[in-house]
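Engineer: Taken in order, these protein sequences are the chains called V and D.
Here the working numbering is used: the first residue of the first sequence is 1, the next is one more, and so on.
Here the working numbering is used: the first residue of the second sequence is 1001, the next is one more, and so on.
Derived from the structure by calculation, the hints contain no laboratory data.
Here a beta-carbon is modelled for each residue, glycine too, at the ideal position from N, C-alpha and C.
Any given hint might turn out to be false.
Claimed, not checked - Coverage of chain V stretches by chain D, computed from C-beta distances (three or more under 8 Å per stretch; other residues unrestricted): (1) 413–423; (2) 491–498.
As the list claims (entries may be wrong) - Listed next, the in silico PhoX-like pairs over lysine-lysine satisfying Cα-Cα at most 20 Å (straight line): (3) D:1341 / V:507; (4) V:456 / D:1237; (5) V:461 / D:1301; (6) V:461 / D:1225; (7) V:346 / D:1086; (8) V:483 / D:1054.
To be verified - To give an idea of the interface, some chain V residues facing chain D are shown, with a C-beta separation under 7 Å as derived from the structure: (9) 470; (10) 480; (11) 589.
The chain contents come next:
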Amino acid sequence: MFLSMNWISDFVDFTGLDKLDLIRRFSLSTAEVENEIFFKGSDISGIVVAEIKSVEDHPESKKLHLLKVDAGDGVLTDVVCGAPNVRVGMKTAFAKIGAKIGEIEITPRALAGYTSYGMCCSEKEVGISDDNSGIMDILEDVANGTDIKNVYEIEDIVFEVDNKSLTNRPDLWGHYGIAREFAAIADRPLKPLDVVDLSAYDNLEKVDMKIEDELCQRYSCIKLEGITKNVSPVNMRIRLFYCGMRGINLLADLTNYLMLEMGQPMHAFDSRKVEKIRIKRFDEPFTFRTLDGVDRNIDTNTLMICNGDTPVAIAGIMGGLDSEIVEDTTTLTLESATFNAVSTRKSTVKLAHRTDASMRYEKCLDPEMTVPAIARFIKLLKDIDADAKVVSALTDERGFNYDKINLKFDKNFVDRYTGIEISNDTIVKTLTALGFGVELQDNNFSVDVPSWRATKDVTIKADIIEEITRIFGYDNFDINTTKSPLYPVRADIEKTTEDRIKDILVKSFSLHELHSYIWMGYDECKSLGIEIEENVGLTNATNPNIATLRKSLIPTQLCQLKTNTGFAPSFGIFEVGRAVDGLKEDGMCNEKKNLAVTLFSKTKTPAELYFELRDILTVLSGDIKHAALSFEAAAPTHNYEHPKNLNKIYCEGEEIGIIGMVHPTVLKKIDKKANVVFAEINVGAFSAVKANDIKYDEPSKFPGIEIDLSFVTDKFAPVGEAVKNADCSLIKDIQVVDTYEDENGKSITVRLFFVHPEKTLTRDEVMNVVNSIIDSLSKKGIELKK
Amino acid sequence: MDSKIVLLKEEFSAELMKAENTADLEAIRVKYLGKKGSVTDLLKEMRDLSPEEKKAFGQKVNELKAEVADKIAERTTELKELEIQKEIEAMPEFDISMPANIAEGSYHPVTLVQRQCEEIFRTMGFNVENYSEIVTDYECFEALNIPKHHPARDMQDTYYLTNGQLLKTHTSAAQNAIYKKYRDALINDNVPIKAIFPGRCFRNEATDACHENTFFQMEGVMVDKDISISNLIYFMKTMLSEVFRKDLKVRLRPGFFPFVEPGFELDISCLICGGEGCPSCKHSGWLELCPCGMIHPEVLKAGGIDPEEYSGFAFGLGLTRLVMMKYGIKDIRDLNSGSLKVLSQFTDDE
């Protein structure tokens, strides 16, 4: 919304004050002012009132005229002018030699053989409207040579406030409300609005009007007649133009002017078309043509203004074409009303048609404003057109009443909430300036909220704190730390676990952390052949590609691998993120925080890559939980999982995740020559595992013995597990030193380290243990290599 | 006999000259000084001499023995030095400018900035909370004083889920759970609530270089008796100065958010020009950074805390925006792109 300092100055005397500084303080105390401030009129100079004394046709041009103008300097000036509306005796805006219009300086200029010593200007050239159809026609009686800036309010400071920062302030949608803020900030009085006394018309007949729906909060109207003038005063048009509206005709301009001044939208009907005003909703939807000529579908929730049963306007949004003021309109009915904000907003959204009026109604306008707005409208109208006549009594009905709001609090409350000392005098003065009724007795305040702040904006004590402090100025606050006692910060175990996982993966294994979306990308998954499994979904995604949430992080991660295959011959990525595995019993999403790791390699064998990942997970568990992992073969449940080598992962007996290889069908689509393995760990389950203490084991002072054993098996057999299970306190370490696989089976060589804490072991003692291991493995079909 | 000594000496000197390495020297030592060596043999010939002659000759032989041993030792030292010198010369000179051959891992930049912020708040006594991405309408809106049909719901285009829950539109959605978690300690043991909760948020909107449907925020709250606006300004100024490692100026302007009253938009002095005005702050000297305010009494009530007795402040930092400011990332979509070309650059940061 654009605001004019001239307009605001109608209501507050800023004499002696720096207006720019006031605008800055308004930005800090009320609502954000956009950076660019417009100094209207500053880009023109040397433009004066001049009278056209003679007009001759240009001998060689149909468009151009040769003029002699009197610019008040005692001689007639020759001017070549192309405007169609030149006439003798006309007063216009004249840019003399040396005048400036923006970047242009006026100099003598030859036009088709004649020299022009100056330029007659249009309103657009002067910058007061977008009318460039002809030169200005100055009707005021002013002496030739008078600077145009002394005739009209061309010079102004205009600033813009973002509408979003006014959503909670219905009172700030017009200059008068803004002026109230400036008055409080500047500590100057706010002048009352100049209005007519409407009780003078009480004897006249009322308008036939009835509110038939509570969505209409208040409806005030009055009939007018005898308006002869059609064009608004230039100064009024300038203000409208500076605030972003175009001048249309006197009536339209006046309703717009009132809206920009008081924030009250108004509408004028042709009284012939609106004799019996009824405000109601309809039981059946229908089509209605608004004054912009568009047919709009009206539903049963949309409030309408009607003439009897014929709709004539969409309440609070736009008037109808059929009831508009037309050329032969003699009597008009002026509407000033308030409508339910939520209903107006919903209708606006449904109609997809937001207007200056509906934008204001959505903010909960003050219903007490409708009548003063009419009184102000008539005052302005009569000042412009003395023939205008009021021909009905004010007709006013209410469909809804807001509660009066009174708030009570004491000085101590203000002190505690602000943390600084603001005197009782300052509190009373600030609130009074903003229109609150304040009573103070022994540090106890009783505050009446004015109607324009009581529709939703100020309802509780904390709101009053805002009123006091924003005008006091947050820049003026002393800043202090709290007196609160200190307590140790408790770390969240899941969060700590997450942090440690990331550190290990990045620092020890050079993996890369990526983020992927919480939903499955349909297109991306489809291109890899990954099935979109049924799961919780989005009901209103604007992008249909993302309608289903992910059950696991692996599919989104595989999609990311696909886009990174050229990054390096071998690399690994990970993410700690959320997945949703259907619904829980209570109907809520089963949201999990998971760690997903995938390794990609064009150079490593599947086994190398698989064991690399197994070892990474083993380090995570060893480092964070001081616990070993165990594995259990699992059956695939997702179509991207390879049927072989899929293992559930257990930590201290708790299932925490899964490790596996990518199904060849999917793998080939990621990269024909690469191998990919993945693991997913539930961070919640893993962090819930109780960590073992570090067990210190004093190294033996006696020498140990190393024994290498080679086993052969004819089928897959968990050799490593079997050797580990040979429970013997003398075995200090087991290493796999060689594995070999061919068509005859698998051979594995393990190296066992034996040591006794208190003596030197004999060969016989060790061989007893070795023989028992060989026997137990033999029972499982694992034979010592001969 | 003396002539034998002279001859032996000459022979030894000649051989010593020929020795090229320590192995040759060892052979010479054995030849002259070994059990069957030439010098040792001389002593054996002393049998036939008179006692006087024996004494004189023995002395000469011992002198010879010492001389041979000394010369061998001397030559050994020389040759060892020569060998070391050769070893040094044989070592090639390396090209240290060759590119390094180490694959470094990387963190997501959000992780890096989030950790820096968490650390700052931890040092000031704030707990770091862990919160879900999927929440209820109550948590995201109702408990935050945003009833149905409130215009603020329009400002946050929400992704609703098929089961009636939604993807959280802001980290404020965690406030209610935080209050309920800590209110007993607050009320019974006077432990103030001090918590931050970083998290991922979602908005149903089209994406471009400045807009993402998935982004990170960090919420912070403090509740105790007598928490004031003055305290809020103190904490914001102190914490943000730490985050940006500069003594910042902060400025509050009124801002409307249903879950705070009063609510503020907080500006910081421009990081580039320090407040003088420059193109990056559009010549205003200020950067709008984060919304904050005194927690709305209805929000405290919904969390089971009596607003007559307690008050507090809340703020919401745009973590994703901080990341972009810190690293100069111009397109927000890069952060969720999964592109290792972009994201593998963030190895670690202090």
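Engineer: Now tell me, hint by hint, if it's right for this structure.
Structural biologist: Here is what the structure says about each hint:
Counting residues of the segment 413–423 of chain V whose C-beta sits closer than 8 Å to any C-beta of chain D gives 5, which meets the bar of three, so the coverage hint holds. Remark: the segment 491–498 of chain V is confirmed as covered by chain D, as 4 of its residues place a Cβ nearer than 8 Å to a Cβ of that chain, reaching the required three. Taken as a hint, the residue 1341 of chain D and residue 507 of chain V pair is honoured in the structure, with Cα atoms around 19 Å apart against an allowance of 20 Å. As the CA atoms of residue 456 of chain V and residue 1237 of chain D are separated by approximately 32 Å, the hinted pair breaks the 20 Å bound.
Restraint check for residue 461 of chain V and residue 1301 of chain D: the C-alpha separation of about 15 Å stays at or below 20 Å, so the hint holds. Distance hint between residue 461 of chain V and residue 1225 of chain D is fulfilled; the C-alpha atoms sit about 17 Å from each other, no more than 20 Å. With a CA separation close to 93 Å, the supplied pair residue 346 of chain V and residue 1086 of chain D exceeds the 20 Å bound. For the proposed pair residue 483 of chain V and residue 1054 of chain D, the alpha carbon gap of about 106 Å is over 20 Å, so the pair is violated.
Hint on residue 470 of chain V holds. Least Cβ distance to chain D is approximately 5 Å, under the 7 Å limit. Hint on residue 480 of chain V holds. Least Cβ distance to chain D is approximately 5 Å, under the 7 Å limit. This hint holds: residue 589 of chain V has a C-beta 5 Å from the nearest C-beta of chain D, less than the 7 Å allowed.
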